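Engineer: Now for the letters of each chain:
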Amino acid sequence: MSVLNEMTIAQAREALRNGETTSVDLTEACLKEIEGAGALNAFVHMTPEIAIERARAADARLSAGEAPAMCGIPVGIKDLFCTEGVPSQAASRILGGFLPPYESTVSAQLRDAGAVMLGKLNMDEFAMGSSNETSCYGPAVNPWKADERALTPGGSSGGSAAAVAARLCLGATGTDTGGSIRQPAAFTGTVGLKPTYGRCSRWGTVAFASSLDQAGPMTRNVRDAAIMLGAMAGHDGKDSTSADLPVPDFEAALGDSIKGRKIGIPREYRMEGMPGEIEKLWSDGADMLRDAGADIVDISLPHTQYALPAYYVIAPAEASSNLARYDGVRYGHRASLAPGEGITEMYEKTRAEGFGAEVQRRVMIGTYVLSAGFYDAYYNRARKVRTLIKRDFETAFAQGIDAILTPATPSAAFALGAMEKADPVQMYLNDIFTVPVNMAGLPGIALPAGLDRQGLPLGLQLIGQPWEEARLLNIAHLLEQAAGFVSRPAKWW
Amino acid sequence: MSAIDIETARRVAKLARIRVPEENLPQLAGELTDILNFMEQLNEVDVEGVEPMTSVTPMRLKRREDVVNDGGIQDKVLMNAPDAREGFFAVPKVVE
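The listed protein sequences derive, respectively, from chains A and B. If you read the first sequence in the working numbering, its first letter stands for residue 1, the second for the next number, and so on. If you read the second sequence in the working numbering, its first letter stands for residue 494, the second for the next number, and so on.
Calculated directly from the structure, the hints in this document are not laboratory data. Don't take every hint at face value.
[Unchecked claim] Distance condition first, Cα-Cα at most 27 Å in a straight line; then the derived DSS-like pairs of lysine-lysine:
#1 A:Lys390 / A:Lys32
#2 A:Lys238 / B:Lys555
#3 A:Lys238 / B:Lys569
#4 B:Lys555 / A:Lys390
[Unchecked claim] What follows is a list of derived Cβ distance ranges for each label pair:
#5 A:Ala252 / B:Asp527: 45 to 53 Å
#6 A:Glu35 / B:Pro519: 42 to 50 Å
#7 A:Gln305 / B:Ala583: 44 to 52 Å
#8 B:Ile499 / A:Ala418: 25 to 33 Å
#9 B:Asn573 / A:Pro246: 31 to 39 Å
#10 A:Gly97 / B:Asn562: 27 to 35 Å
None of the values given here were measured: they were computed from a predicted structure. Just so you know, even glycine gets a beta-carbon here, dropped at the ideal spot from N, CA and C.
Working from the sequences, and respecting the hints, build out all of it.
Structural biologist: Spelled out as structure tokens, the structure:
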């Protein structure tokens with residue numbers, strides 16, 4: 001049998017059901033790997049006692065038979081999900097010491113399905129960042145290397161991506177507001193799925209931009225993403241935006257023929273100055289789908305270039321409202337006050353000490369675009385542009401397009417610290433291919449499709465119709481098989 | 494091109510309830526200006542007659558019985574408070 005922690009979720013599921021291994025053994029193997037992987041800084045709060053206890057319970061369930069697919073599978077949980085009695089800080093100093101008395105719906109569903117939580121995973125503070133460098137824990141590090149430099153695993157779900165790529169866990173939860181699942185997946189040679197907005201409950205997940213946030217699975221292959229999504233998805237009365245729709249068997253759709261499926265190639269994604277290797281990866285991907293019987297169709301999504309500026313109005317606006325709750329009164333950090341200072345000073349000092357630079361910047365931008373006199377010029381205009389972005393996709397789907405193929409990111413992983421001197425907008429450009437999907441509420445998946453000339457993974461993105469994750473996963477599964485990506489990072493940590 | 498001056502940056506920080514030291518205001522004003530200039534591209538788009546998006550996946554909000562379905566967990570509500578006394582959140586004096 002292969003090394004336990006290196007198994008995919010599907011392999012582990014079979015091994016557990018056949019009695020070839022136990023969840024306790026699997027869990028211990030992962031805990032040992034995590035212990036030796038401190039250099040990756042992926043796990044920031046360990047929960048070994050909870051893990052072993054849940055693994056024992058999973059083994060009991062497995063031997064009784066009828067255990068669900070995720071039963072006994074060790075996973076990591078992004079620090080953005082509130083987990084009962086376990087630190088849940090959104091990688092921010094302002095939530096230092098916070099111990100939620102409740103469990104987020106997504107992590108509760110995984111727990112109830114028998115999944116084993118190993119600990120909490122690093123991320124950008126409040127999920128605001130594309131490199132994991134805004135984390136209060138310091139950045140997670142990409143297990144992939146091109147030379148001696150430490151590379152970013154991407155962000156915001158960088159700890160999740162690094163942990164899955166380094167085989168510290170079999171799968172991890174991520175969240176995606178503008179690309180925070182798909183960009184790190186692309187940077188680490190893993191698979192990341194952002195479901196349709198409303199597919200997974202947002203309850204108990206620390207809010208960044210509520211109209212864009214969506215949780216999803218991060219795994220080593222497409223089948224595992226299908227399995228894990230099945231356990232995470234579903235209607236929740238505690239989130240009024242979660243969809244009351246049946247959750248299909250996503251895995252059952254894998255292996256269907258894609259003959260006659262129409263795959264759109266949006267011309268607006270061919271950005272000026274796009275590196276040749278990204279362009280080649282993209283056209284190779286289209287060729288693979290064509291060889292599998294799909295029709296490749298050129299399409300136009302005319303408002304693509306406006307998605308990023310509109311996003312950087314809407315997301316900070318929502319963030320400034322959502323983050324108003326961090327006031328030092330009910331939970332988390334409170335600044336100490338000098339004699340004579342009152343409640344306003346308490347708010348201002350608490351938030352200055354508790355929020356990092358990028359979070360402060362976005363809260364202030366959000367405050368500005370929502371302030372009197374600018375609301376119409378910025379916020380309302382951005383929401384109108386958002387309507388147009390969504391309409392572009394609807395028009396393509398109405399013409400019979402089943403899925404859209406694009407690159408996942410404009411480059412491979414870059415070095416930690418490389419963007420330090422760049423202005424914030426340079427970092428935002430990382431999300432250029434992923435943000436439109438959030439703006440339109442669509443499902444999107446990133447999967448590894450090749451290596452660049454330095455030997456770093458590059459990803460492709462497939463975008464699907466609303467609620468059609470099963471069809472999207474099937475197309476991604478086919479592309480995965482055709483691309484035959486088997487490279488993995490050499491262990492240096 | 495719009496520009497955020499130091500006075501505007503100070504006002505935005507105040508509205509956001511984030512203390513920004515006086516010497517950091519020029520840099521903040523510059524960063525906010527860069528981000529706003531990036532957003533200016535939106536002015537190229539013809540949005541005449543377009544409705545601003547309110548919900549990305551149109552669905553009717555679900556209704557439920559108007560009954561109390563939670564509560565009675567004062568200890569849990571207060572357990573993370575930096576300062577809680579006698580069943581209340583405690584804050585610096587607000588009114589004289």
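Engineer: Look at each hint and say if it fits the structure.
Structural biologist: Comparing the hints with the structure gives:
1. A:Lys390 / A:Lys32: Distance ~46 Å between Lys390 (chain A) and Lys32 (chain A) Cα, so the pair is violated.
2. A:Lys238 / B:Lys555: 11 Å, holds
3. A:Lys238 / B:Lys569: 18 Å, holds
4. B:Lys555 / A:Lys390: 24 Å, holds
5. A:Ala252 / B:Asp527: 45 to 53 Å: 49 Å, holds
6. A:Glu35 / B:Pro519: 42 to 50 Å: Holds, since Glu35 (chain A) and Pro519 (chain B) (Cβ atoms, about 46 Å apart) stay within the stated range.
7. A:Gln305 / B:Ala583: 44 to 52 Å: Taking Cβ atoms as reference, Gln305 (chain A) and Ala583 (chain B) lie about 51 Å apart, which means the hint holds.
8. B:Ile499 / A:Ala418: 25 to 33 Å: 30 Å, holds
9. B:Asn573 / A:Pro246: 31 to 39 Å: Given about 37 Å between the Cβ atoms, the range holds.
10. A:Gly97 / B:Asn562: 27 to 35 Å: 29 Å, holds
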